Amino acid sequence: MKPKRMVAVLAAASLVSLGLAACSTAGTSAPAGTTALTVEDYFVPPADPVIDKIYASCAVTTNAKLTLEHVPGAGLIAKVLQQASSKTLPDVLMLDNPDVQQIAASGALTPITNYGLSGAGVAEGTVAASTYQGKLYGLQPIANSIALFYNKDMLSAAGITPPTTWAELTADAKKLTTPTTYGFAFSGINTYEGTWQFMPFMWSNGGSEKDLNSPQNVQALAFLTNLVNDGSTSKSVVSWAQSDVDNQFIAGKAAMMVNGPWQIPSLQAAKGLNWAYVPIPTRTASQTSQSPLGGEDYTVPNTGDKTKEAAAGKFVACVTSAKNETANAAANEELPSNNAAAAAFAKANPSLAGFLTIIQHGRARTALLGADWPAAATKIYTAEQLGLTGKATPAAAWAQADSQ
Amino acid sequence: MTATDLSLHASSEGPASDRGAPSQRPRHRVRLDSVSHWFFVAPAVLYLGLFFGYPIVKNVIMGFQDYSTSTFFTGVAPWVGFANYVQVVSSSIFATALTNTALFTVGSIVGQFALGLLLALFFKRRFPLSGVLRALMLLPWLLPLIASSAVWKWMLDQGSGIVNQTLVFLHVVPTSVPWLVSPDYALVSVIIVNIWLGIPFNVTILYGGLQGIPEELYEAAALDGATKWKAFRHITWPSLRPVVSVVLVLGVVYTLKVLDIILGLTGGGPANSTETLATDSYHQSFVLFSFGDGAALSNILIVISLVFTVVYLRLNRRALDE
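In order, the protein sequence lines correspond to chains A and B. Residue 7 in our numbering sits at position 7 of the first sequence, and the numbers go up by one each step. Residue 272 in our numbering sits at position 272 of the second sequence, and the numbers go up by one each step.
Note that these hints are calculated values from the structure, not bench results. Predicted model only: the values in this text are computed from it and were never measured. Possibly wrong hints are sitting among the right ones.
No more than 30 Å apart at the CA atoms, straight line, and that leaves these computed lysine-lysine pairs for DSSO-like [to be verified]:
| # | chain 1 | residue 1 | chain 2 | residue 2 |
| --- | --- | --- | --- | --- |
| 1 | B | K257 | B | K58 |
| 2 | A | K175 | A | K271 |
| 3 | A | K135 | A | K323 |
| 4 | A | K79 | B | K58 |
| 5 | A | K271 | B | K257 |
| 6 | A | K79 | A | K135 |
| 7 | B | K153 | B | K58 |
| 8 | B | K58 | A | K87 |
| 9 | B | K257 | A | K174 |
| 10 | A | K235 | B | K153 |
| 11 | A | K271 | A | K79 |
| 12 | A | K271 | A | K152 |
| 13 | A | K152 | A | K87 |
| 14 | A | K174 | A | K235 |
| 15 | A | K135 | A | K87 |
| 16 | A | K391 | B | K58 |
| 17 | B | K257 | A | K379 |
| 18 | A | K347 | A | K53 |
| 19 | A | K379 | B | K153 |
| 20 | A | K271 | A | K347 |
| 21 | A | K210 | A | K235 |
| 22 | A | K253 | B | K58 |
| 23 | A | K79 | B | K257 |
| 24 | A | K391 | B | K230 |
| 25 | A | K65 | A | K314 |
| 26 | B | K153 | A | K79 |
Whole structure, please, built from the sequences with the hints as guidance.
As structure tokens, then:
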């Protein structure tokens, strides 16, 4: 059974490399004067029509002939590593922002500043995510984050306003919990998604991924553990991805949830669901709510072909122009990374306006640890799971996860 | 490799001893012969070297290197000696993963083998629709693993899963069981799913073995008064032993490295309660991209597999010799 599977994987891998070879030969036969560029991203076909339009217009601006390569999300990094070792990196590479520093650390990327680009006027957190050892390696057209979504009808029926502190959230969640509905839901799964959703509680409370055993981190974990223990949150959160949390919320099984703006289309499609969102509550009213920043960076890999690298730089500049960022943000329910564009965009799109401050206060997951972030992220979700399942007290959970 | 070794021996020594007799063959013919022998062996050697030898050697070497994301770009993987092994073994997760691997393997094998043997014995008696039912037994084998683990995940859901709804409805349990979300149940749940998955393999091989036992033995034994349990104890079991050893050895080797079911059901969670050496190795290599640590873990897993196989084969040979 397993050996057959291996053969299938090998066969698939060889098909992929054949496909690649085919692409690169097709790419070199571009008409004179234009540059052939390969663009690799993880958008699953059928690709977003708006992104396709942006790519096409940027191809015209940079006088390039594009070959698009869509690699489904989970396989992108593996593909990039494979391409790095066979020296077949694409000319323009899109990366999820927490991966940028790790790939930059390997030497596979060129600083984006080589092409006259800079992070000036761009949301600080996104620049931090794209900077490795003081050099900027990519720009991200749009950014997202997470917030506390709530069911307006359930809250008004219970006579409460959205919580702003942990104490309020605990009390409200308890009040909103009925035999069929949990007051609060979040993703506590043992993947980076779980870590991503834990960060606001940790950061807003002054905790840091550099010092996992800090009292602030213990406090944050104790807070979430308490919500699970008092029955306001389902014990199943340890297996819920963010999409599961969204499904629970849409089905009316959760009155409040932590989630991101990319869920807005599904919320709008749900009939009879009245929802809104606020920044994620902090422990005390004086703390600032800080959420992690998500989004994708466009980078220029180190292919050694200076002409193509320069053209790729121009292409990235075009994709991250204020106009294209705005079109992209509107299509994907996110905000432009460019501060001025974001402010204008928020005015025109009231449903996303609330994310403007969240993103301005947003932090990059890799800002402090860079390429060491994945190891810390694993420890963070492990500690969270140990705490939420009652396998260890919050303090012991951090100690145990830190030693792994 | 043993097959290749044997044929290599045959090609180098076999013809020479033939030619010890005063044969009148010309000398160059001898060389041609041995060269042509090599041609026959070459495809197998090439295949084994390329698809078995190279990956294993590479994995062993990788276990001693700091093989990270940058290695792919620079091609540089510094030699770190046993540092990877020290790192993975001293991690607090190693003891958990080792225990879970042992429990998972023993639990799965015992369950699969016991149920498989019972079903094989059951199907040995022909009855209406037995053929159809036996074919249906193969179903778990035919489904893609990712699909079956996704369906099991739904079925075992704490709130709305059919398993809990049925158990609660029948008053078997007072409240729904947290199959996959409680560290106390998750490993058991994963073992149950793996047993379900392994039954077809066990039934098929054991059923085949049962078919090979001559009917006369049972008839003769029946005349001496040995039926049912006695017949099983003194005829079926001893005759089935070689098949049983194959099933168990293959079963253990397959189970030790099970990855997809665990990834599909729990991803090693909650709180590492279903993390095994295989899932940990996968996580090191393909999530953290720390290939050196991942290789070290998988080498440990390979050694455990080998040790088990060798010990078991030894025991088995001794038993047969007696």
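Taking the hints in turn, this is what the structure says about them:
no.: 1; hint: K257/B with K58/B; result: holds (19 Å)
no.: 2; hint: K175/A with K271/A; result: holds (25 Å)
no.: 3; hint: K135/A with K323/A; result: holds (25 Å)
no.: 4; hint: K79/A with K58/B; result: holds (20 Å)
no.: 5; hint: K271/A with K257/B; result: violated (46 Å)
no.: 6; hint: K79/A with K135/A; result: holds (24 Å)
no.: 7; hint: K153/B with K58/B; result: violated (36 Å)
no.: 8; hint: K58/B with K87/A; result: holds (20 Å)
no.: 9; hint: K257/B with K174/A; result: violated (44 Å)
no.: 10; hint: K235/A with K153/B; result: holds (16 Å)
no.: 11; hint: K271/A with K79/A; result: violated (40 Å)
no.: 12; hint: K271/A with K152/A; result: holds (14 Å)
no.: 13; hint: K152/A with K87/A; result: violated (53 Å)
no.: 14; hint: K174/A with K235/A; result: holds (15 Å)
no.: 15; hint: K135/A with K87/A; result: holds (23 Å)
no.: 16; hint: K391/A with K58/B; result: violated (38 Å)
no.: 17; hint: K257/B with K379/A; result: holds (24 Å)
no.: 18; hint: K347/A with K53/A; result: holds (24 Å)
no.: 19; hint: K379/A with K153/B; result: holds (25 Å)
no.: 20; hint: K271/A with K347/A; result: holds (26 Å)
no.: 21; hint: K210/A with K235/A; result: holds (28 Å)
no.: 22; hint: K253/A with K58/B; result: violated (50 Å)
no.: 23; hint: K79/A with K257/B; result: holds (24 Å)
no.: 24; hint: K391/A with K230/B; result: violated (48 Å)
no.: 25; hint: K65/A with K314/A; result: holds (13 Å)
no.: 26; hint: K153/B with K79/A; result: holds (29 Å)
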